[in-house]
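Chain residues, written in single-letter form:
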Amino acid sequence: MYLSRIVQGMMRLRDWNFSTKETEEFIMKTIDLGVTTFDHADIYGNYTCEGLFGEVLKSNPSLRDKIQIVTKCGIVLPNKETKRIHYYDTSKDHILKSVDNSLRNLHTDYIDLLLIHRPDPFMNPEEIAEAFLELHKSGKVRFFGVSNFTINQFEALQSKLNLPLVTNQIEISPFNLEHFENDNIYFLKGKNLNPMAWSPLAGGKLFDVSNDKSVRILTTLKEVGKELGIDSMDTLVYAWLLNHPVGVIPISGSGRLERLKNAVEALNIKLTREQWFKIYEAALGHDVP
Amino acid sequence: MYLSRIVQGMMRLRDWNFSTKETEEFIMKTIDLGVTTFDHADIYGNYTCEGLFGEVLKSNPSLRDKIQIVTKCGIVLPNKETKRIHYYDTSKDHILKSVDNSLRNLHTDYIDLLLIHRPDPFMNPEEIAEAFLELHKSGKVRFFGVSNFTINQFEALQSKLNLPLVTNQIEISPFNLEHFENDNIYFLKGKNLNPMAWSPLAGGKLFDVSNDKSVRILTTLKEVGKELGIDSMDTLVYAWLLNHPVGVIPISGSGRLERLKNAVEALNIKLTREQWFKIYEAALGHDVP
Amino acid sequence: MYLSRIVQGMMRLRDWNFSTKETEEFIMKTIDLGVTTFDHADIYGNYTCEGLFGEVLKSNPSLRDKIQIVTKCGIVLPNKETKRIHYYDTSKDHILKSVDNSLRNLHTDYIDLLLIHRPDPFMNPEEIAEAFLELHKSGKVRFFGVSNFTINQFEALQSKLNLPLVTNQIEISPFNLEHFENDNIYFLKGKNLNPMAWSPLAGGKLFDVSNDKSVRILTTLKEVGKELGIDSMDTLVYAWLLNHPVGVIPISGSGRLERLKNAVEALNIKLTREQWFKIYEAALGHDVP
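Protein chains in written order, with this note's numbering: chain C, 1 to 289; chain S, 1 to 289; chain R, 1 to 289.
Among the hints, erroneous ones may be present.
Said to hold, decoys possible - Listed below are the simulated DSSO-like cross-link pairs for lysine-lysine, each with C-alpha atoms no more than 30 Å apart in a straight line:
1. 278(C) / 83(R)
2. 83(S) / 213(R)
3. 21(C) / 83(C)
4. 278(R) / 97(S)
5. 83(C) / 205(S)
6. 226(C) / 83(R)
7. 278(S) / 97(C)
8. 270(C) / 92(R)
9. 160(C) / 92(R)
10. 92(R) / 278(C)
Honestly, the hints are just simulated from the structure, not real lab data.
Please work from the sequences and hints to get the whole structure.
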């Protein structure tokens, strides 16, 4: 499976208010930056983002071979009119229907990578495995993974599945070390799996000066940035992620190309271990023991 | 191994103040309801419940083949007179003696399923395995499991044992989601093991209106009950457990047959995923992410 | 691999202000007590303790065959002058250099057991494995282990290593039950691995009467000590550790031989399960469930 080292997230595509032409331009410039993988979910933009992206593939089908499409299923969004609540559905039937919808919306005949969006307390790993196998055999989906799973949830699903789960998409950033604390980082490294990282910049918390942790991290980023001659703190946070041996694949969620360029610049930056730990310890709020 | 889909718990048999005749009637009516498995422990009723049950098997030995007996060992109860404290003993010697006592008290020559009652911080999995093998070879016990074990404790014991552990008896109810949170549910499903669930009704907390969580859960149960045309909230909680794909085997602890009937009625109820999550989210106190 | 049942810790060797002659005498008397394993780390005494110990081996090389040397690497200590921060380095290069330094300082050509001192959030298990294999092939290190690792961190490293990790050196004492709570004790027992225990006496907390937990534990130790005819509470704590079926190898950190004798005396003491639990429950602050 190939994913570009940095991934462009499409969660907010609807909010960017792009015309189809603008979306196409954005995608082409993204590809020019070497970022060829696009991260979707059925539910993004209240079930609209896949469709907005698909309009581009419809008008310019030759783009399909140049990109990799990741999408997700398993969450059902609430609906005030029908009084539907927010819940999960990882039944075989729902997964198959969700993928068919995604293919239709995206104007493509295959998904590169399909993820179960959230660990479902009602999930039946055998059913998920059946759905995955069927999607694999039909060629509708090439690779499979999960998102936000713990180690044990990952293992429970993998134990029923005759295909390797290829990633766990989790939140990783200096603002969120939970997957260091719950050992997911070590587990994934032990399995040679690259985690995809959502919210690598913690959604703007980086510059929230009302927050002690943010101030602490930003102060340290500036120090390390000075040592390395890096002005963009975005870039440095991406470098912090990209330097980790687990092989983090960060997802840039912005619709502004400058932001994505900041991420791409991080590919050329090498932190020393000491620099990496300086940022880690600022995030922890104390030295390692 | 066969266990009935719902199990009758005998922890409070002493408190029911039944005559042997009344106990026999209770057992026979329980069997008539399709509930053929009875859950004991050496210590229930301060070491008396197995004996009270055994009186029935003594007077009516033909009952033995119609039922499955689960019992447990490993806890030593405190004793004020001898100043003995409350502790655990999972030594080979204690397990063997405890089973011999249980057989004598129950007036039977075999236990269907023996569980280690609690994870023992002083346990030696090799010793437990030796005891289990010996009990298996002698025919005194047919199957083995644990109760209240974490995933790692389960794996530590299983790694030393040449017989499969067949269950983990744990507390599961809308009032106690700890085994969702600690991943036991996912682990057991991954191993195709049915957890037995103790306190499926959380010991009456369901109707404790002084408790915010209870009120929240009960309000939601009533809503879902209305959708399904179910009046008994007991029944609905049992249905919530029985519908889960992990295959929960709930233990009804009441000595009143109407309560057991409420449980048995749940076998015919099918919740939608959305209904299951409505109750789960009421229990959580918030939506799933 | 052979380690003596009790290990002498050398973390504070510098603080003891021994002459080389005094250190030699201390070592020889320690050996006379049957304590032949000495626990070091590259960083102890701000990188000085291995050297102080090595002076003895230099002047009396015949001692080497009578003892086992454990040392550790992976922590980099801060340095005010160079403004170096406190961080971890488990790169192959650092591990190899650190062992070469240890060998030079200790005046020996082999380490019996090398441990990774702390789980490194930046670690690459494959690199550690490469370093370990190279050290094994060259004969510089005979056995390998870890310290302060969780179960998942242990498994991640083991999965990349073609040699068995032989121990996890962790803090265990009645004052610190964390490795019961995180299941490390059960995991290690399941793997037949003996944990080494640092701070078995919790660094003097035993006699800290300002601390409720200490008072609670000490009161119970005195009761159990009276039952067993043991005056030294140190001895009783060591016995509590040594009696556990996981096979705890406690590290005595004192430079006073009487303290080590207290530990050695514990080898002859047998606690009943009830006595062991009395101390465990005093440590918990409540009965087991």
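Consistency of the hints with the structure:
Between residue 278(C) and residue 83(R) the CA atoms are separated by roughly 12 Å; this keeps the pair inside 30 Å, and the hint holds. For the hint linking residue 83(S) to residue 213(R), the alpha-carbon distance of about 23 Å falls within 30 Å, and the restraint holds. Under the criterion of a C-alpha separation no larger than 30 Å, the hint pairing residue 21(C) with residue 83(C) is inconsistent with the structure, at around 36 Å. About 23 Å separates the Cα atoms of residue 278(R) and residue 97(S), which keeps this hinted pair within 30 Å; it holds.
Distance hint between residue 83(C) and residue 205(S) is fulfilled; the C-alpha atoms sit about 29 Å from each other, no more than 30 Å. Pair hint residue 226(C) plus residue 83(R) holds up; C-alpha atoms about 15 Å apart against a cutoff of 30 Å. Proposed proximity of residue 278(S) and residue 97(C) is supported: the alpha carbons are some 23 Å apart, at most 30 Å. At roughly 18 Å between alpha-carbon atoms, residue 270(C) and residue 92(R) fall within 30 Å of each other, so this suggested pair holds.
For the proposed pair residue 160(C) and residue 92(R), the alpha carbon gap of about 36 Å is over 30 Å, so the pair is violated. Using a Cα cut-off of 30 Å, the hinted pair residue 92(R) and residue 278(C) holds, with the two alpha carbons roughly 21 Å apart.
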